[in-house]
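K.L.:
Chains as they are written, first to last, in our numbering: chain B, 387 to 530; chain D, 25 to 437.
If you're looking for bench data, these hints aren't it; they were derived computationally from the structure.
Model, not experiment: these values are computed from the prediction.
Ideal Cβ positions, reconstructed from N, Cα and C, are used throughout, including at glycine.
Careful, some of the hints might be misleading.
[Unchecked claim] Only pairs whose alpha carbons sit at most 25 Å apart, straight line, appear in this in silico SDA-like list of lysine to any residue: (1) B:482 to B:457; (2) D:433 to B:492; (3) D:173 to D:398; (4) B:433 to B:452; (5) D:433 to B:479; (6) D:401 to D:385; (7) B:482 to B:492; (8) D:401 to D:211; (9) D:433 to B:410; (10) B:423 to D:352; (11) D:434 to B:426; (12) B:413 to D:385; (13) D:371 to B:472; (14) B:432 to D:398; (15) B:413 to D:431; (16) B:413 to D:211; (17) D:431 to B:405; (18) D:51 to B:501; (19) D:371 to D:345.
[To be verified] Some, not all, of what chain D presents toward chain B, calculated at C-beta under 8 Å: (20) 82; (21) 377; (22) 381; (23) 392; (24) 404; (25) 405; (26) 435; (27) 436.
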Amino acid sequence: MNVPASITSIEEEIVEEFSLFDNWEDKYEYIIDMGKKLPPLEEQHKKDENKIRGCQSTVWMVSEYRDGRIYFKAESDAMIVKGLIRMLIRVFSGQKPQDVVQADMKFIDEIGMSTHLAQTRSNGLRAMIRQMKLDATAWMAKGG
Amino acid sequence: MQTASIDRTLDVYEIRKQFPILFREVKGRPLVYLDNAATSQKPRAVLDALDGYYKGYNANIHRGIHTLAEEATAAFEATREMVRRFIGASSTEEIIFTRGTTEGINLVASSWGRTYLKPGDEIILSNLEHHSNIVPWQMIAQETGAAIKVIPVTDDGALIMDAYVKLLSPKTKFVSIVHVSNALGVINPVEEIIQKAHAVGAIVLVDGAQSSVHLDIDVQALDADFFAFSGHKVYGPTGVGVLYGKKALLEAMPPYQGGGEMIREVAFSGTSYNELPYKFEAGTPNIADVVALKYALDFITDTHKSLIRTHEDDLLKYVTEQLKSIEGLRIVGDVPDKVSVISFVMKDIHPQDIGILLDNQGIAVRTGHHCTQPLMKRLGLPGTSRASFAVYNTREEVDALVRGLLKVKKMMS
Chain B
387 MNVPASITSI EEEIVEEFSL FDNWEDKYEY IIDMGKKLPP LEEQHKKDEN KIRGCQSTVW
447 MVSEYRDGRI YFKAESDAMI VKGLIRMLIR VFSGQKPQDV VQADMKFIDE IGMSTHLAQT
507 RSNGLRAMIR QMKLDATAWM AKGG
Chain D
25 MQTASIDRTL DVYEIRKQFP ILFREVKGRP LVYLDNAATS QKPRAVLDAL DGYYKGYNAN
85 IHRGIHTLAE EATAAFEATR EMVRRFIGAS STEEIIFTRG TTEGINLVAS SWGRTYLKPG
145 DEIILSNLEH HSNIVPWQMI AQETGAAIKV IPVTDDGALI MDAYVKLLSP KTKFVSIVHV
205 SNALGVINPV EEIIQKAHAV GAIVLVDGAQ SSVHLDIDVQ ALDADFFAFS GHKVYGPTGV
265 GVLYGKKALL EAMPPYQGGG EMIREVAFSG TSYNELPYKF EAGTPNIADV VALKYALDFI
325 TDTHKSLIRT HEDDLLKYVT EQLKSIEGLR IVGDVPDKVS VISFVMKDIH PQDIGILLDN
385 QGIAVRTGHH CTQPLMKRLG LPGTSRASFA VYNTREEVDA LVRGLLKVKK MMS
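In isolation and in its complexed conformation, chain B is listed as follows:
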């Protein structure tokens, strides 16, 4: 099994990709496009206990633990959130739980998307990051 690149190097990749955009339209079209490419979450996972509630949009997320690494799957009913989910999964899925817990998330600020985190009530993204870290902590406690 391939060992994925480190969180830091994937974050750097994303920051570089975003640096190519010189207007908001291109940036958001890219995120929307990523959202469209997010594989749908299986229906059996779309249940209340996997729901991360935002005020406006909903995120469902599940995680599993294999061979010392944590894997995430998630979906949302809103497209921009879906795009951002795909980005978070790209960074954190397949990483070691302790690396997920320690990640500082600064890259979100660097790509100009931190406003989506600041709006605590308006979407489930911030709550999703918190849940990713909680899941990682839980897997660590279980022997990760």
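Fit chain D to the given chain B structure using the hints.
P.N.:
Okay, now just chain D, sitting in the frame of chain B:
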């Protein structure tokens, strides 16, 4: 005899000059502020009044005998008189200052409800209500054993009046109803609702949070028992609101909170309460914002509500036509009796995506459930996008909204 010609149109561009915030930019674009149902912007007169109060005559009111206290008390009570005229109440004793509509409803639910509701009594609400006019009643219903009944709405968000009539009975003790739906802009026939409730001996509270800025309010003509509204939605400051109540009802209600201002005499053997309206205004009130509220109501009165209504109706008609021309867009609550609020959904596009992509174009709208989750559930929607217009909005801003939405559609396709 000389007859002067009266200018009966409203110069929106002159009005805009009174609102400093309208000249800022958002994301490098001129701000297009279409979230007035959430809160309105404030004219310079209101901002100056706040500043003038703190710089000129800040003092605690009603008790001090020094000059500043007298000036502050006079300004505070001048707002009460202005509010009385603004809503057509008969006496300033019936005007209670609150923090906002929510506190007004809580005051009535708590003070009136706890005193008069018993198991088996019924409270009627509607499916259009804001959470602020649901939750206080649920809390008091749970405490007293009263039951809540709900007037259903059509797919367009209009109240089903026949169903309302059927809900009314001698068990109905209270009807609490929104005058204008915050989510859809639909105007409810409150006069008829009040008449029918009174016929079975029920008391009626009208939630005027959305109506007070758009419609002429005359609480006596409506025969409303209670009427609540918020300062910040009528071009005034946040943190101040008004509860109107008929004097006889207010007199028969216990105080809501205890403290200074609301007492006549305090002794450990027993305390007697102050007269109306002070009985319901415990503690030092929000003096500065109450003082400034008068300037907001002056602004509306001086601009003339009828001219504001004509202007806003024109915008509503224009935006309705324009939005209908966008393929895949559906207006929610498209009924004839509305204020200048338009709620809509777009095929295959989540309201949150619409809100984010419009914000990037400098356009502020509200997206989501608008604190009316039971209504959204009834309409089968996760939420809507809502553009709400005020006196200072223009047709050019409607055009900007339409261009913005076409761009959203293109980006999402």
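K.L.:
Against this structure, judge whether each hint is valid.
P.N.:
Hints and how they fare:
| no. | hint | verdict |
| --- | --- | --- |
| 1 | B:482 to B:457 | holds, 9 Å |
| 2 | D:433 to B:492 | violated, 31 Å |
| 3 | D:173 to D:398 | holds, 13 Å |
| 4 | B:433 to B:452 | holds, 23 Å |
| 5 | D:433 to B:479 | violated, 32 Å |
| 6 | D:401 to D:385 | violated, 30 Å |
| 7 | B:482 to B:492 | holds, 19 Å |
| 8 | D:401 to D:211 | holds, 20 Å |
| 9 | D:433 to B:410 | holds, 15 Å |
| 10 | B:423 to D:352 | holds, 23 Å |
| 11 | D:434 to B:426 | holds, 23 Å |
| 12 | B:413 to D:385 | holds, 14 Å |
| 13 | D:371 to B:472 | holds, 23 Å |
| 14 | B:432 to D:398 | holds, 22 Å |
| 15 | B:413 to D:431 | holds, 14 Å |
| 16 | B:413 to D:211 | violated, 41 Å |
| 17 | D:431 to B:405 | holds, 23 Å |
| 18 | D:51 to B:501 | holds, 12 Å |
| 19 | D:371 to D:345 | holds, 18 Å |
| 20 | 82 | violated, 34 Å |
| 21 | 377 | holds, 5 Å |
| 22 | 381 | holds, 6 Å |
| 23 | 392 | holds, 4 Å |
| 24 | 404 | violated, 14 Å |
| 25 | 405 | violated, 12 Å |
| 26 | 435 | holds, 6 Å |
| 27 | 436 | holds, 6 Å |
This entry does not satisfy hints 2, 5, 6, 16, 20, 24, 25, going by the numbered hints stated previously.
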